[in-house]
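Engineer: Listed below, chain by chain, are the residues.
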Amino acid sequence: MAFKQGLFKTSVGRKNLMAITGLFIAFFLIIHLVGNLILILPNSFFPVEFWGNVANQHDMYNAYSHFLVHFWPITLVAWVLYLAIAVHILDALLITLNNWKTRGEKYEVTDNSTSTWISRNMGILGSIIGIFIVIHMGQFWLQYKVLGTEHDLYNLVVATFKQEWVIILYEIGIITLGFHLVHGIESAHRSLGIYPKKVMHIIKYIALCFGIAMAFLYAIIPLIIYFK
Amino acid sequence: MKLTLKIWRQDSAKTKGKLETYNLSDVSEDMSFLEMLDMLNEELATKGERVVEFDHDCREGICGQCSLVINGQAHGHESHYTTCQTHMRSFKDGETIFIEPFRAKAFPVIRDLKVDRSSMDRIIQAGGYISAFTGMAPEANSIPIHHNIAESAFDSAACIGCGACIATCKNSSAALFMSAKVAHLAKLPQGQVERLERVAWMVNAHDDEGFGSCTNTGACAMVCPQEVQLLDITRMNYEYNRSLCVTN
Amino acid sequence: MALNAKTPKGPLKDKWQNYLDNTNIVNPANRKKIDIIVVGSGLSGGGAAATLAELGYNVKNFYFQDSARRAHSVAAQGGVNAAKNYKNDGDNIYRMFYDTIKGGDYRSRESNVYRMAQLSVDLIDHMTAQGVPFGREYSGYLSNRSFGGVLVSRTFYARGQTGQQLLMATYQALMKQVKVGNLTEYKRHEVLDYVIIDGKARGVIVRDLVTGKIERHSAHAVVLGTGGFGKIFYLSTLAMNSNGSATWRAHKKGAYFANPSWTQIHPTALPQAGEHQSKLTLMSESLRNDGRIWVPKKKDDDRKPGDIPDEDRDYYLERRYPAFGNLVPRDVASRAAKERMDAGHGVGSLKNAVYLDFKTAIATYGKDTIKERYGNLFTMYKKITGIDAYSEPMKISPAAHFSMGGLWVDYELGTTIPGLYAVGEANFADHGANRLGANSLLQASVDGNFVLPNTISNYLSNEIRTGKISTDSPEFEEAEKTVTDQVEKLLAIKGTMPVDQIHRRLGKIMFKEVAMSRNEKGMKWAIDEIKKLRKEFWENAAIPGDDKGPNSELEKAGRLADYLEIAELMTVDALDRKESCGAHFREEYQTEDGEAVRDDKNYMYSAAWEWQGGKDWKLHKEQLEFNDIEVKTRSYK
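Protein chains in written order, with our numbering: chain A, 1 to 228; chain B, 1 to 248; chain C, 1 to 637.
It is worth saying that the hints were derived from the structure and are not from the lab.
Among the hints, a few may not be true.
What the hints assert, rightly or not - Straight-line C-alpha distance at most 20 Å; calculated PhoX-like pairs for lysine-lysine:
1. B:Lys18 <-> A:Lys106
2. C:Lys548 <-> B:Lys16
3. B:Lys47 <-> C:Lys297
4. C:Lys252 <-> C:Lys297
5. C:Lys531 <-> C:Lys512
Said to hold, decoys possible - Covered by chain B, according to a simulated footprint, are these stretches of chain A (three or more residues, beta-carbon under 8 Å):
6. 39-45
7. 104-116
Quick caveat, the model's predicted, so the values are computed rather than measured.
Idealized CB from N, CA, C, for every residue including glycine.
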């Protein structure tokens, strides 16, 4: 008789899948951030002696976007990313639906002081982020890459971020993302089995710093554009 | 002390249960929580009423038989205590106390506060052992084990199998219970031979019993009477992944 | 029936080997045809069940807890003895044998004790192989600590949870056999009677504690690993559900009960705090390695322990027993504590405790070392009392702990009923009148893992042609009726006195007159009181509910009904023995300075009592012979 093993078949396997896809998405966040930081850098960061004819924010951002869309290895990675997001969501659904069934009769009284709200509500945080991603991609990715209706992405971004409701939506989405990352990064490493005590201790701090840093840097981009 | 108790009463797994209210006076601060329930039961017995059924045995925190979720927390609000070690001095006069059984689909209620925890035994049956039959053993000192490794293995082996981790986990996952055994045996040289299969079999059994998956909230380790570490779950995940990648 | 201990021939050290050389064994192909019922899942019962299943027998394991891992072996703290001589301090099998016989005050059977000492060596190997995380030196080799009553360091330990760790190993071995399919577990099943067919034990009648159903189970042999009956004192270090019913009902079916009055009163338990108390938690004896026991020199000294200077403290064990000091055997330590408390030097609000002080040890070794050695015990103490023992001495008090007495067994661990075996604390065998610390885990494990599986085959070799035993015979019918009748009788009482209250009263009688020190007048009074209480129980016990499902009051009542009978036999036995030996201290037989006086001329025997249908007991004497050890007055001075 053989045992069931693999990423889809057991509870530990499914958590591994969450971890792998989650960490890949988190890694993408770094790359995505680096490109978008162009949006908030002053023009003095683009010396004409070095960059030549794209030596301003507008041209640099558009050149970067153009490169992303037309360089095939990036396209390939992008497809991996879409797949990762899809798997992350589907796997989360699978795990959550199963976990809902495990309690049986509910407690009359619950006391949750033994764990953090974030760690218990990754599903809610994830759903908010999911909605946010759909809107976010609808605003930029759809128009620029898929439909091709907009060719000057820089102008589109700046125009979008001049609206109050967009700012509020983005701040909510990004802060939610920060919370999701703080627990997610630590949990992912645990799921993958990085067990040495000292390493886990460091990872805990890295996860906290990473979540805060990502949330902060992503959050200031729309704000700076709005107030500029 | 005067107390109002809201206790879960349920005849069997097949019938529906509900909270019943009992008032108790003259509770001493020196009583343990279970002695307080003894007192209630003596009052009920005197009146000829069916007593509240609850599991308990050693009353010194080691057998793992006492359970109870007290005011929403497994084994009560003091972290790393068992119910039998919880004393009434940590409750206030006039307080209302909610007492419920450990709940999980894998823990069907037997009666009132007694639940069936056989599902945990079946996880151990799946592989939580070293197959050394009586008579096979080599001289004990022929297997030197570093002091720190032995101590660390002990930390995991200390699990008393009470199931508080499962009752507390929002997903009713038995990850902490299972990982304590996986980690205990994986850390020791004696456990190496069966290491790869053990974790795979145990995880399979865990899922088949209807326990949920671990989401690393850490609540289990906070209530564990023996302070088994969340790190053991991480260790188990490592062992599981290792068993995916390595073959004997 | 005359007692036959079946001790093998030959010199002491060769007896076990001679036995093994000449015993009959069962062909592996035939083992599958043989059913064995094992009652209890602790170190003795569980060990036997697992080992027998490994051998290929068809084993049915019954226990009343919800999992095999809950058996009360789990609560043993300090350690397990073995004559490994890893410390090079002069230990060997003979010295261990000597210490055990002497510790038991020359009232145990030489051949059994020697076998236990011999097999202790194998037990450590076995448990290590099973994954028990014994304490280790930094070199990686096994570490030892010393224990009361001996001068060498031979105790192996896993922090203060040795019993738990050994039990986990046994439990895991059991679980493995469940998976293999050689062993069937019957959890939450209580054995209530035995079926004897043609003089042989052939089955049990059990009550399923979940459904309430009475069931019949047959087998070719029945093994009892059901522990001791110390809970008879109500307040004891035992688990709440530990009971004497399984052994007692075997006694009523014809098994002799030996030395029932020998109960060990453990010196280091937590004192009683009030009337409501249900349990006296044990603090491991290993604490006496580093802790010093004292009481104030002045009577009723109400100062805080920290305010009492050294010259006002009476380290009475060090004073009375300079050679062994705080490490005298348990009976001696308990009695000395009782003597001080009776003299008015007790401490605590009820004046029922003595101090166990770690100040000197913390000053010598540092808090960290003490924490590593006893950390979990200090934590446990804090959880229960709310006091930090690093800064204030512990308050401890004697409490009922272990039954040296039990079913009489021969060298093969067989009772006087053929086919019925008793292992571990359920039998009377190895500890004499007083058990040494860390010998109980040893005896239980050795009996279960090494002795019984080898001796039972001698009996079973004649059973291979018996075939399956039917449960439809009149004997099963009759035994089941006895059980159902008793359940009905209990439920029909419908009185007003809760079972626990009657039990508490029984405990008080027993602890007053049949515990640490005993006298004729007191015990005669006790017998009257026990009889009165028994009558009251059957007239006025409050047992609500029915027998159609779980009913803990009914379970407790059944056990108490047996306790009320065991109590009488304990007292009868204690009255019969007109000498002081080990835990049995008769006030009439003591020296001027309060030490025990043995009477080897008249009482060098184990008293095995035969049930006479409820009217008195018949005494059978097993004379003890000591050929390999000089019988001396036990002295720890």
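Engineer: Against each hint, give a clear statement of whether it holds in the structure.
Structural biologist: We went through each hint and held it up to the structure:
no.: 1; hint: B:Lys18 <-> A:Lys106; result: 12 Å, holds
no.: 2; hint: C:Lys548 <-> B:Lys16; result: 18 Å, holds
no.: 3; hint: B:Lys47 <-> C:Lys297; result: 49 Å, violated
no.: 4; hint: C:Lys252 <-> C:Lys297; result: 50 Å, violated
no.: 5; hint: C:Lys531 <-> C:Lys512; result: 16 Å, holds
no.: 6; hint: 39-45; result: violated (count 0)
no.: 7; hint: 104-116; result: holds (count 13)
Consistency note: the structure conflicts with the earlier hints numbered 3, 4 and 6.
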